[in-house]
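Protein chains in written order, with my numbering: chain A, 1 to 219; chain B, 1 to 280.
By construction, these hints were calculated from the structure, which means they are not laboratory data. Beta carbons are placed, not taken as given, at the ideal position from N, Cα and C, and that holds for glycine. One or more hints might be untrue.
Below, computed lysine-lysine pairings styled on DSS-like, alpha-carbon distance capped at 27 Å [stated by the list, open to error]:
| # | chain 1 | residue 1 | chain 2 | residue 2 |
| --- | --- | --- | --- | --- |
| 1 | B | 149 | A | 60 |
| 2 | B | 83 | A | 111 |
| 3 | A | 60 | A | 72 |
Stretch-level coverage of chain B by chain A, calculated; a stretch enters the list once three of its residues show a Cβ under 8 Å from a Cβ in chain A [what the hints assert, rightly or not]:
| # | stretch |
| --- | --- |
| 4 | 97-105 |
| 5 | 136-146 |
| 6 | 156-162 |
Facing chain B, according to a computed beta carbon distance under 7 Å, are these residues of chain A, among others [what the hints assert, rightly or not]:
| # | residue |
| --- | --- |
| 7 | 39 |
| 8 | 125 |
| 9 | 126 |
| 10 | 137 |
| 11 | 140 |
| 12 | 141 |
| 13 | 154 |
| 14 | 158 |
| 15 | 159 |
| 16 | 182 |
| 17 | 183 |
Residues per chain, in single letters:
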Amino acid sequence: MKREIPILLTVLCGLAITWAFFSPLPAARAVNAELLAWAEVIFSVAFLLGIANLVRISLKQISARHPDSIYKVLLLLTMFGYLAVGLCDIHGWLLPEGAGAKDRSDWIYEKFFQPLQSTMFSLLAFYIASAAFRAFRARSFEATLLLVAGSLVMLGQVPMPTWLPESAAVGTFLQRVQAFLMVYVNGAGQSAIIIGAALGTLATGLRIILGVERSYLSE
Amino acid sequence: MATATDFDRRWIFLAIGVLVLGLYAFGSGAPMPVSPYVQSYFDTIDALPEGSVVLLAADFDPGSAAELLPTYQATIHHLLLRKLRIVNVATWPAGPPFTRSSFAEIAPQYGAVYGSDWIELGFKAGDDVAMGQIGQSLLSSFAQDDRDKADVTSFPIMQGISDSFQGIALLITMSAGYPGVLEWIAQAGGRYDVPILAATTAVQTPDLFAYYPSQLQGFAGAATGATQYLQLVVAAGVPALEGTTTDNQERMLIQTYAHLLIIGLIVTGNVLYFLGRRGA
Numbered sequence: 001m002k003r004e005i006p007i008l009l010t011v012l013c014g015l016a017i018t019w020a021f022f023s024p025l026p027a028a029r030a031v032n033a034e035l036l037a038w039a040e041v042i043f044s045v046a047f048l049l050g051i052a053n054l055v056r057i058s059l060k061q062i063s064a065r066h067p068d069s070i071y072k073v074l075l076l077l078t079m080f081g082y083l084a085v086g087l088c089d090i091h092g093w094l095l096p097e098g099a100g101a102k103d104r105s106d107w108i109y110e111k112f113f114q115p116l117q118s119t120m121f122s123l124l125a126f127y128i129a130s131a132a133f134r135a136f137r138a139r140s141f142e143a144t145l146l147l148v149a150g151s152l153v154m155l156g157q158v159p160m161p162t163w164l165p166e167s168a169a170v171g172t173f174l175q176r177v178q179a180f181l182m183v184y185v186n187g188a189g190q191s192a193i194i195i196g197a198a199l200g201t202l203a204t205g206l207r208i209i210l211g212v213e214r215s216y217l218s219e
Numbered sequence: 001m002a003t004a005t006d007f008d009r010r011w012i013f014l015a016i017g018v019l020v021l022g023l024y025a026f027g028s029g030a031p032m033p034v035s036p037y038v039q040s041y042f043d044t045i046d047a048l049p050e051g052s053v054v055l056l057a058a059d060f061d062p063g064s065a066a067e068l069l070p071t072y073q074a075t076i077h078h079l080l081l082r083k084l085r086i087v088n089v090a091t092w093p094a095g096p097p098f099t100r101s102s103f104a105e106i107a108p109q110y111g112a113v114y115g116s117d118w119i120e121l122g123f124k125a126g127d128d129v130a131m132g133q134i135g136q137s138l139l140s141s142f143a144q145d146d147r148d149k150a151d152v153t154s155f156p157i158m159q160g161i162s163d164s165f166q167g168i169a170l171l172i173t174m175s176a177g178y179p180g181v182l183e184w185i186a187q188a189g190g191r192y193d194v195p196i197l198a199a200t201t202a203v204q205t206p207d208l209f210a211y212y213p214s215q216l217q218g219f220a221g222a223a224t225g226a227t228q229y230l231q232l233v234v235a236a237g238v239p240a241l242e243g244t245t246t247d248n249q250e251r252m253l254i255q256t257y258a259h260l261l262i263i264g265l266i267v268t269g270n271v272l273y274f275l276g277r278r279g280a
């Protein structure tokens with residue numbers, strides 16, 4: 001029964017959601033709405049599971065005096081601190097006079113989270129430049145094609161410096177080359193990949209619905 | 001023979017840092033030609049009848065704000081200038097603070113009234129599933145608004161909206177990745193036949209050409225698309241965005257030189273590689 005019940009549930013849900021997706025009947029819409037609501041509950045519970053797992057792993061490392069313990073302490077303090085502020089904001093607890101409902105959590109978001117995440121993302125510019133120098137090699141014909149196409153797209157994406165002779169004409173030419181590469185070469189490739197992936201997803205979905213694919217049961 | 005791997009990469013970091021800071025301090029940008037995708041993004045909004053309701057999704061976070069926030073705020077200006085009404089949602093948890101701060105700054109400039117001209121519904125968990133739910137029934141997906149915690153049906157802007165995107169004239173997403181524009185196309189565009197526009201990060205932009213123009217009516221890709229769209233919105237009569245447009249044009253100049261430096265590094269790395277192979 002440990003195997004049969006999950007498979008039966010999967011088959012029933014898979015068939016119901018497929019029927020509900022295509023059918024215009026009100027009953028199908030109700031089934032669809034109900035199953036989507038269940039999925040939302042599962043998503044929300046997954047957030048809680050994620051928090052619980054993070055706390056468990058962090059506490060384990062802190063108690064083992066791992067070299068990164070200080071970061072784990074900081075992580076837990078930040079997570080529960082922001083959670084407390086958020087809860088206070090939602091319920092209007094300890095709200096200073098004249099303050100808006102989300103002023104406190106937005107302040108933390110704008111002053112800490114936003115600059116920190118922007119900084120992390122902007123570091124990519126340095127690593128991409130370094131990787132370009134160390135790793136992009138014209139080792140084969142395909143790699144050379146990729147390098148040349150990538151360079152042309154990069155140049156077509158930006159305005160040309162005005163000190164360059166005929167910069168406007170060069171810029172227009174590069175933009176046309178970039179548009180050709182993106183629309184025809186990239187567009188055709190993307191379409192092929194999307195259609196292939198969609199067919200693959202359909203096949204995998206059918207295998208799951210029919211009970212042939214059971215890897216989600218760790219089989 | 002020296003190879004690229006022998007080279008201390010901190011020199012490259014320094015070169016990028018000096019280039020960016022130097023150009024930021026002393027560089028000046030110039031107007032860019034507008035691509036057909038960005039023009040279509042602008043024209044689709046411009047063609048909507050006054051009073052139409054637009055679903056605006058803030059599907060991004062601070063990591064992609066440099067690319068998407070200018071387009072997001074320019075889109076809000078454009079929509080309010082055209083007297084269109086905006087229903088704000090987010091499928092990324094970090095999206096709603098951008099909505100709150102942007103509307104707090106922009107809405108008073110147009111005398112827009114909360115609940116009539118715009119509403120903030122907040123974050124919806126569930127990725128594609130949430131999008132499917134929003135498409136099926138926006139009203140039951142969000143029982144309360146995010147700002148006043150009031151019943152959404154009590155707001156005038158929600159009166160004409162019903163299931164299956166009825167009453168929504170256009171969906172615009174600021175898409176930083178998953179879930180984003182591709183999921184909106186699958187869950188809303190194809191299923192409920194709602195036109196979709198997107199502003200995307202540079203990484204995501206190549207994915208969109210396969211969908212334009214049948215499933216995606218227009219898009220502003222990366223900082224380039226943002227700059228072009230800002231130019232169009234300023235020209236349409238939003239002088240408040242002139243400063244942001246100039247900033248973005250300057251950033252594009254920085255990007256030009258950064259791209260040239262990266263291409264130079266690729267060429268140098270390959271020259272060293274081939275010289276090393278010949279010497280071996």
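Checklist entry - Looking at the structure, which of the earlier hints fail to hold? => result 1, 2, 6, 11, 12
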